[in-house]
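Chemist: Chains U and W: place on chain C using the hints.
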Amino acid sequence: MSEAVSTVTETEPAPTRARKRQSSVLFDAPGPKARMRHNILTLISAIVILAIIYVVIARLDKEGQLQGRLWKPFIKGSTWSDYIFPGIGGTLKAALAGAVLALLFGVVFGLGRMSDHRWVRIPAGAVVEFFRAIPLLILIFFVFSGPPTIANALNREFPQVTAFTALVISLMLYNGSVLAEIFRAGINAVPRGQSEAAYAIGLRKSGVMRLILIPQATTAMMPAIVSQLVVLLKDSALGWIISYEDLLNTGYRQIPTQYGNLIPAAIVIALIYIAMNLALSYLATWLEKRSRRSRKTSAKVLATTPGAGMSGGIMPAP
Amino acid sequence: MNWNVLLDFSPLADNSDKLLSAFWATIRISVTVGILSLVIGTLITAMRVSPIRVLRVAGAFYVNTLRNTPLTLVLLFCSLGLSDTLKFRISGTPSINFFWLAVFGMSVYTAAFVAESLRAGINTVPMGQAEAARAIGLTFTQSLRMVIMPQAFRSVIAPLGSVMIAMIKNTTVVLVASYYEAASLMKDMFEQYGATLPIFIGFAVGFMCLTLPTGFFFNWLAKRMAVVR
Amino acid sequence: MRVRHFGVVAAALAVAGMGISGCAAKKNTTVVDKAKDGKKIVIGVKYDQPAIGMKTPNGVEGFDIDVAKYIAKKLGVKKDSDIEFKEARSANRETFLQNGTVDMVIASYSITPERLPKVTFGGPYVVTHQDLMVRANDNSITSLQSLKGKKLCAVSGSNSWKNITEGTNKLKQKIAAVTVPAQGYEECITKLKGGSVDAVSTDATILGGFAVREGSAVKVVNAPFTDEKYGVGLKKGDTKTCNAVNDAIKSMYSDGTAKQVWEKWFAKANLPFDATVPTPQGCS
Chain C
0 MSEAVSTVTE TEPAPTRARK RQSSVLFDAP GPKARMRHNI LTLISAIVIL
50 AIIYVVIARL DKEGQLQGRL WKPFIKGSTW SDYIFPGIGG TLKAALAGAV
100 LALLFGVVFG LGRMSDHRWV RIPAGAVVEF FRAIPLLILI FFVFSGPPTI
150 ANALNREFPQ VTAFTALVIS LMLYNGSVLA EIFRAGINAV PRGQSEAAYA
200 IGLRKSGVMR LILIPQATTA MMPAIVSQLV VLLKDSALGW IISYEDLLNT
250 GYRQIPTQYG NLIPAAIVIA LIYIAMNLAL SYLATWLEKR SRRSRKTSAK
300 VLATTPGAGM SGGIMPAP
Chain U
0 MNWNVLLDFS PLADNSDKLL SAFWATIRIS VTVGILSLVI GTLITAMRVS
50 PIRVLRVAGA FYVNTLRNTP LTLVLLFCSL GLSDTLKFRI SGTPSINFFW
100 LAVFGMSVYT AAFVAESLRA GINTVPMGQA EAARAIGLTF TQSLRMVIMP
150 QAFRSVIAPL GSVMIAMIKN TTVVLVASYY EAASLMKDMF EQYGATLPIF
200 IGFAVGFMCL TLPTGFFFNW LAKRMAVVR
Chain W
0 MRVRHFGVVA AALAVAGMGI SGCAAKKNTT VVDKAKDGKK IVIGVKYDQP
50 AIGMKTPNGV EGFDIDVAKY IAKKLGVKKD SDIEFKEARS ANRETFLQNG
100 TVDMVIASYS ITPERLPKVT FGGPYVVTHQ DLMVRANDNS ITSLQSLKGK
150 KLCAVSGSNS WKNITEGTNK LKQKIAAVTV PAQGYEECIT KLKGGSVDAV
200 STDATILGGF AVREGSAVKV VNAPFTDEKY GVGLKKGDTK TCNAVNDAIK
250 SMYSDGTAKQ VWEKWFAKAN LPFDATVPTP QGCS
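Protein chains in written order, with numbering that gives the first Met the number 0: chain C, 0 to 317; chain U, 0 to 228; chain W, 0 to 283.
In short, the hints are calculated from the structure, not lab data.
Since the structure is predicted, the reported quantities are computational estimates derived from the model, not experimental observations.
One or more of the hints may lead you astray.
Said to hold, decoys possible - EDC-like, lysine to aspartate or glutamate: derived pairs with alpha carbons at most 20 Å apart:
| no. | chain 1 | residue 1 | chain 2 | residue 2 |
| --- | --- | --- | --- | --- |
| 1 | W | Lys68 | W | Glu83 |
| 2 | W | Lys117 | U | Asp187 |
| 3 | W | Lys72 | W | Asp36 |
| 4 | W | Lys192 | C | Asp60 |
| 5 | W | Lys117 | U | Glu130 |
| 6 | W | Lys35 | W | Asp79 |
| 7 | U | Lys86 | C | Glu62 |
| 8 | W | Lys192 | C | Glu62 |
| 9 | W | Lys33 | W | Asp79 |
| 10 | U | Lys86 | W | Glu213 |
With the rest of the complex left out, here is chain C (with noise of 0.2 Å):
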């Protein structure tokens, strides 16, 4: 599993940095025939560039698209009032709820998964192993209409499963089974020198958990942790396949509905995921380049897999 969270290298000496700004790893600074030929290449591609968005552009002016009536909608305050406010709304709530659960069904799982006790660590094991190695669409179908069905069968009450409640519980289940292989591997992460010497210093398995490696383990693996969470954001605009009222919901289906604007309405509301999910990912990389400096801690900062940013960004365990 040590593969599994790639750990960042070594901050590059000062010099290379320095040298890094005017050439790259691949590249040396050019000189004057370079210089021309890159001229000509930027010249190139601008020009490629430039045909692209045009014959972007002169395709949606041919369907019509462009027509400021379809995009006067966006800037009258009822449509941001009436759908667009209370689509973000709905997005942040069932992301809120999703996180603060799945980090707490992450850490129980992820401790569970390092106990000395078989049986707890087998089962929490399987738990974790179970619900990354499957979709997330099919979690959401299955805990939408599953209990209702199976309580129904058994003449049962089943409390009921509103499409909020299937979303949250499905993204805790998927995006909790990430975060439980995050911590262990950020606690693995602390060296085992630590943990050694706060044994020899006396401390019992919950002192050495809770007073030495968590707290360095915090640290090491947020960056990991939020760009988790820019992740279940995501994830969260599956809502609109069980009807759940999120800015997909309310921007690409109720929008066009009322002014027959699918075009604009997807390039609106793809912004504002955009700019939220940025903003989040700013805040990793943010406390990634803090933590990085940070002396707090003696484990290596886990990266923001490579991977991450699609659903499960990390393997599953061999």
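Modeler: Coordinates of chains U and W only, in the frame set by chain C:
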């Protein structure tokens, strides 16, 4: 009391032909997206590390846009936006058209993550390698192709594997793009038989049969191909 | 190791399932009791069907909404604010009733033999037909048979396209149309206008609503191929509410509200009103 909802696996057995064809659809789309996203992702990475500023900016824009848009929106845009509003169609036959639109949406989305992984991989290649490559007179494309990328690819096999596993799981979302695969079948079976535990377990196991071996394969490959430094 | 993990999961889930069965036995509060007690009534309606159930900046409105308000009042709900509308899409209606997300479904919900074991239906409150909608400039589709080989929108959880492809229509003919999966009718209309599908099939009332909104882009073929009895979906076994709903529907027709509401929404679509009270399904 009716225990069938917990124990009756017969709906799965009765529909084994449908199950096979639905999972076959999932496999088909996964393989196609896997290949295409690797190709697009590599191109984007090349743009992002190139000496041409315009290309670097365009590559970064691509990655940041796609990475931060929900896949559901990307796929909905492909089916309702590209195909139905902008009339950008690949084939007149709906099943082929929506297959390729779903492939397109999934590939451009997944490519952003492939590009991120690859760029991280390039950063792990020691400076000395690139400097040596330049010293013996290799150009940017040559050093990228013959020295950097081979090493970068090897060091990112494991992260790429996790991108691919996530991609396989993400293929379920193509149900919003009018393409019928395993998740769509599960939804239909839930409607027909009720949302019973055995049906869910069946589909979960089906997906595990796809994701777990993929994970083992990439881990094995990563160990085998690891660059010793 | 993997196999063992999985076994444990299966066992754990089974235990979780049994945990559910340990919950309190069924309570017997009916919707009509809830209404009389002054509690909120949640009604599942469509949010994306013009003239039937449509979310607009002013709230939800449409034929179903007006019927829902009338019936709720007759059940004993005192003020409008005690009625809460929730979106119930075709694919979610049974689930919503079973899991209690909504108390009633009034969402162009046809009474069909397949649904009867799962849902108790009050009503029908209106009888309509399934029909086809095509692009206005498309003259190749004039009847059910001419759909052969054409692209037909197949909404997940709806029975209309199955009536065509599986032969459960008035002509008793299986028509080999090419189905294109979709998640809702709004999506179908987008696909129809864009040319990804050639025909959308569903109830004339729904098509009429879309036709009015879309203007000259689309047209209704007028080839009815089923009878659709719109019922009030209730949780299976709630006969008390069901009987109360049937009484409400009877009075809706006798006091002229039915006609007035119908014409308010469907006059523009040229859908004629049928003044005979639909025969109740019978509560079970």
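Chemist: Which hints from the list above does the structure break, by number from lowest to highest?
Modeler: Going through the list in order, the structure violates hint 5 alone and respects the others.
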